[in-house]
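Peer 1: These are the residues of each chain, in order.
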Amino acid sequence: MKPRILLHVLAVCIIAISCVKDVDFDQAEEVYLENEFVTDLVYFNLTTSNFVDVDNDVVVNSTVTESTNLEFLDDQFIQENLVELAIEMEYQNTFQQSFTNRARFLNRANQEMYSFQFDVDGSADGSVVTTRFVDTLTQAELQQFKRSIKLEVSVDLTQDGQSIEGNLDFRSKAYYKMLFDQ
Amino acid sequence: MRIGAFLVLLFVFGYSQAQIKQLYGVDDLPQTLMLNPGAEFTKDKHFGIPLLSGISASAGITGLTAYDIFKEDANSTINDRIREKIYELSYKDNFAINEKLEILSLGWRRENGDYISAGWYQEADAIVYWPEDLGILTYEGNANRIGEYFSLEQARLRGEVLSVFHIGINKKVSDKLRIGARGKLYNSMANFNSLNNQGWFATFETPQGENFYRHDLINAQLVLQTSGVDNFSPASMLFSGNLGVGVDLGFTYQLNRNWKLTGSLVDLGFVMHSSDLKEHYFEGDYSTSGIQLIFPAVFTADDNRPYWQDFEKEFEEQVQYGDRPGESYTTLRPLKLYSSLDYGWGEPEDCNCLQPDNKTFQSHAGVLFSAVKRPVLPYAGLTAYYDTKIFDFLRGKVTYTVDQYSFKNVGLMASTNIKGFNFYIAVDNILAAENLAKANTAGFQLGLQIIK
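If you're matching them up, the sequences are chains A and B in order. Take 0 as the starting number for the first sequence in numbering that gives the first Met the number 0 and just add one per residue. Take 0 as the starting number for the second sequence in numbering that gives the first Met the number 0 and just add one per residue.
Among the hints, a few may not be true.
To be verified - List of simulated lysine-lysine pairs, DSS-like, C-alpha gap at most 25 Å:
| # | chain 1 | residue 1 | chain 2 | residue 2 |
| --- | --- | --- | --- | --- |
| 1 | B | Lys451 | B | Lys407 |
| 2 | B | Lys407 | A | Lys20 |
| 3 | B | Lys418 | B | Lys42 |
| 4 | A | Lys176 | A | Lys149 |
| 5 | B | Lys437 | B | Lys388 |
| 6 | B | Lys44 | B | Lys312 |
| 7 | B | Lys84 | A | Lys176 |
| 8 | B | Lys312 | A | Lys20 |
| 9 | B | Lys312 | A | Lys149 |
| 10 | B | Lys418 | B | Lys372 |
| 11 | B | Lys91 | B | Lys372 |
| 12 | B | Lys70 | A | Lys20 |
| 13 | B | Lys175 | B | Lys372 |
| 14 | B | Lys70 | B | Lys170 |
| 15 | B | Lys437 | A | Lys20 |
| 16 | B | Lys407 | B | Lys91 |
| 17 | A | Lys145 | A | Lys176 |
| 18 | B | Lys175 | B | Lys388 |
Just so you know, these hints were derived from the structure itself, not from any lab. It should be emphasised that the depicted structure is a prediction, and the values quoted were computed from it without experimental measurement.
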């Protein structure tokens, strides 16, 4: 057999037997990545002195408010891929009085995009009373939420005529589900 | 995405070695001297057709194949299969790629019988390890992994494009012993290196703490060193400023008339990177439980704290990241070890007139051990082979290799030499060619040259 013919045969054999079978690369278009994260949000502590002039035992502020930007909400990463969100807030209260918590998510113009509120139980005997609240956003609420950049937390004291004294601890976290697809 | 996936497949069929192992011990191909400078080489001169005398390409992956992900299977989706593999792969699994192109290759035999060979080749190789913990963190998130540490150390990769000038000598020192050495000048055209990372990330529940969790970044030290990347150009092939030297050593020892023992070390060398240096880094320690809001006491003005800016500032004071001018560093070339036990039989028809005492045989059989030093675990393989002259102009070799990639790796080599014009082709894991999608390993090398 002439060498050139042999080489051609060898080459053709290799090409003929080399192949990719039983695979479908179009499936690559179906690939998605879905992951779940939990992160802390904000926390704070309120005491008698945040509400009361302790020298005179007079309520000065029945409502206290603080806010912070959460700039990561504006990231493209969140905007394009956040598909589920749940926010959990917890109070540990030793005040006899109950409170109302209002959480508002605002845009850069301080317009409210999303909010929720819940009541915080008082403590009958000064022991720690825990109130937990979980808010899971609907898809429509999530789209509004994504337009926000700031969290504002307000705490309203429900006065009952009793002495106002105690400690109020607040914790919060968020659960995010992210979806990355084609 | 489909085209990209298919291109990935094209690379997923080999393992990382500069020369394919089917060429080891083929005593009428000068490429055998690149695997063992002390090999028996029976010819008197060679000249490689520029750019065509040695073309090889390979890539390999452990832990999965393209078929594992892309198979046509009505009982599972691609996402099911990806999920399965994410949890099967470990930090030892890697993707490796190698390409080598002989630019110039020549050699001649001196009157005293020594064979001098020299040349210039371009090589590119890279290896990326699967960052097991970070892969799971990225794929799954931390929500169901509270209290678990995610290692940053597992992020490892390195790669290099270089051109190599070399010259070697092959010398028979006694009836039984032949030795050889090859000096190499490495010219690194581009290098990236990230093998000594450290650190952890974890999220802990803190029921007695300030908030629900504490997120910890512990002793993070992630650094990717590069050299030659910004100034990469074809001119870098001649001189890049990042140079190194290396040596190949080898021997052939004739145990008796038929049996011989060979061994070699290839790419015992290093490169000093001192030009066009850059580092991409992420370093520091940080712990957070979120943002603490400070409500003012009564009669105290709200100071409108910039909580988020303070949070960012605190992070940036404790964790530094970005790009910076790099410091000089030294990398070792991937060291390769080969050793074989060979049995030859059948008398040659041609007379090796410059080496009349040289015992060449029609056929050889034996075993070859090969190993490549890698950052985590070395590659090691054991190959059994049978090598014979089929016709006067045609030599063939069949190999069977067991290694980390496969237990059924059959390779072939064919080499023709007609009036001094040689064409050779070697293919590893020929059985995988039937369906490359299922292959963890395969590779090829071919070349055209003049050998007399």
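Peer 1: Could you run down the list of hints and mark each one as holding or not?
Peer 2: Hints versus structure:
In summary, the hint linking lysine 451/B to lysine 407/B is not supported, as the alpha carbons are separated by about 36 Å, beyond the 25 Å threshold. The straight-line distance between the Cα atoms of lysine 407/B and lysine 20/A is roughly 19 Å, inside the 25 Å bound, and the hint therefore holds. For the hint linking lysine 418/B to lysine 42/B, the alpha-carbon distance of about 13 Å falls within 25 Å, and the restraint holds. Using a Cα cut-off of 25 Å, the hinted pair lysine 176/A and lysine 149/A holds, with the two alpha carbons roughly 20 Å apart.
Between the alpha carbons of lysine 437/B and lysine 388/B the distance comes to roughly 32 Å, so the proposed pair goes past 25 Å and is violated. Among the hinted pairs, lysine 44/B with lysine 312/B is inconsistent with the structure: their alpha-carbon atoms are about 68 Å apart, more than 25 Å. For the given pair, lysine 84/B sits about 22 Å from lysine 176/A by alpha-carbon distance, which is consistent with the 25 Å threshold. Proximity of lysine 312/B to lysine 20/A is assessed by CA-CA distance (about 55 Å); at most 25 Å being required, the pair is judged violated.
Taking the CA atoms of lysine 312/B and lysine 149/A, the gap is about 18 Å. The hint holds against a cut of 25 Å. For the hint pairing lysine 418/B with lysine 372/B, the CA-to-CA distance comes to about 40 Å; that exceeds 25 Å, so the pair is violated. At roughly 13 Å between alpha-carbon atoms, lysine 91/B and lysine 372/B fall within 25 Å of each other, so this suggested pair holds. Distance check on the hinted pair: lysine 70/B and lysine 20/A sit about 9 Å apart at the alpha-carbon level, within 25 Å; holds.
Distance check on the hinted pair: lysine 175/B and lysine 372/B sit about 30 Å apart at the alpha-carbon level, beyond 25 Å; violated. For the hint pairing lysine 70/B with lysine 170/B, the CA-to-CA distance comes to about 52 Å; that exceeds 25 Å, so the pair is violated. Between lysine 437/B and lysine 20/A the CA atoms are separated by roughly 9 Å; this keeps the pair inside 25 Å, and the hint holds. For the suggested pair lysine 407/B and lysine 91/B, the alpha carbons sit about 22 Å apart, so the restraint of at most 25 Å is met.
The hinted pair formed by lysine 145/A and lysine 176/A meets the criterion: a straight-line CA distance of about 13 Å does not exceed 25 Å. Of the supplied pair hints, the one linking lysine 175/B and lysine 388/B holds, its CA atoms being roughly 24 Å apart against a limit of 25 Å.
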